[in-house]
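Asks: Sequence:
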Amino acid sequence: MNILLPIVSSFILTLIISYILIKKPIAISQPTSRGLHDNDISTSGGIAIFFGYISAAILIINEINIYNISLLSIPFFIVLLGFLDDRYSITKTIRFLFQILLSTLIVVINTIVLLNSTDLSNLWIYILFSIIFFVYFINIYNFMDGIDLIATIQGLFILVGILSYHVLMSNYWNIWILILIPALIAFIIFNYSPAKLFLGSSGSYLIALLVGQEMYIMSTSYLLVGISSNLNDIWVTHLIFILILATIFLADSTYTIIVRFIKKLMDNTSTFFECVQYITTPHRTHNYQKLALLYGSHKKVNLYLFLYNILWCLPLAVICIQMQEYKYLCLLFSYIPYLFWCYINRAGIEDK
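Heads up: the sequence shown is residues 3 to 354, going by this note's numbering.
Straight line, CA to CA, 30 Å or less: simulated BS3-like cross-link-like pairs of lysine-lysine:
id : residue 1 : residue 2
1  : K301      : K26
2  : K301      : K25
3  : K266      : K94
4  : K301      : K198
5  : K26       : K198
6  : K94       : K26
7  : K265      : K94
8  : K94       : K198
9  : K25       : K302
10 : K302      : K198
11 : K198      : K25
Label pairs and their in silico Cβ distance ranges:
id : residue 1 : residue 2 : range
12 : N41       : I114      : 42 to 50 Å
13 : F79       : Y128      : 23 to 31 Å
14 : K26       : M171      : 38 to 46 Å
15 : I338      : I24       : 36 to 44 Å
16 : Y128      : I63       : 23 to 31 Å
17 : N124      : L103      : 17 to 25 Å
18 : I127      : Y297      : 41 to 49 Å
19 : T120      : S91       : 37 to 45 Å
It is worth saying that the hints were derived from the structure and are not from the lab.
Ideal placement from N, C-alpha and C gives every residue a C-beta, glycine not left out.
Full structure from sequences and hints, please.
Replies: Structure representation (structure tokens):
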């Protein structure tokens, strides 16, 4: 089938459903003291991205098997979970349990397909850590979706980076990335500041799941080859390549979480459990949120982060692949400036 039809379908359907969600909201994000918007805004825009992506996926799937079924069903359940949270604010425990379940399914199914075997006995530690990372990535993506465009733009950057690598190194056009990108671009039209539609939990969960899946496939495929060969170093290189592309979200969220946890722990009246609860409560102390408050503009913040990605992270990611002996240095150079940026902006610390 011509790939153009699924791409157009992904874009157009996302566009149409986004417009419908604005005109007929099914979930509303109301202003709070912890948010950065002043008006009621229609949310749960991830539903539009889901339908755009799934419409394209249905067009390109030519056989029914467990992998293709998972490609359709797991995104559906993660979007459903996010929508229920957007609409009814479900408990953290329920969210967490379903995130673990869906992350486990996506990791195990993709590993079985990549390995072409159901014998995962030699990989259980790697799979366990991958599930933990997936759950973490889904949650930090939700944490970082606090200003217009940021989650969509970052997802696009990672996807385009992975796609470009595949095309330039092996002339491989990843069809799943190709049908997700137009859905994200269509959503940007309505999420551009001032936003008319928010991603909501349904959107941040979905993008994190699909982007995380592509990150996992890229790194894990080389690991599985390296099990019986000398290619383990190549796996590490590609893992670092992915971590560099995801610098902003991983550095900002992790730094903020650690600082907030330590600050709460230093309060002698707080238990360890209270500290854990504290870091999961809504706030606006991420570096990007501090920048938005400082400049009073979501557009400026997105521009600065985009420039950091394009002018700093992307060249380092390329060097990591082309000059693999410097991969660890590239990783450090990617994260240290952003972590310092977090430090000077007092990320994780409430302003008095």
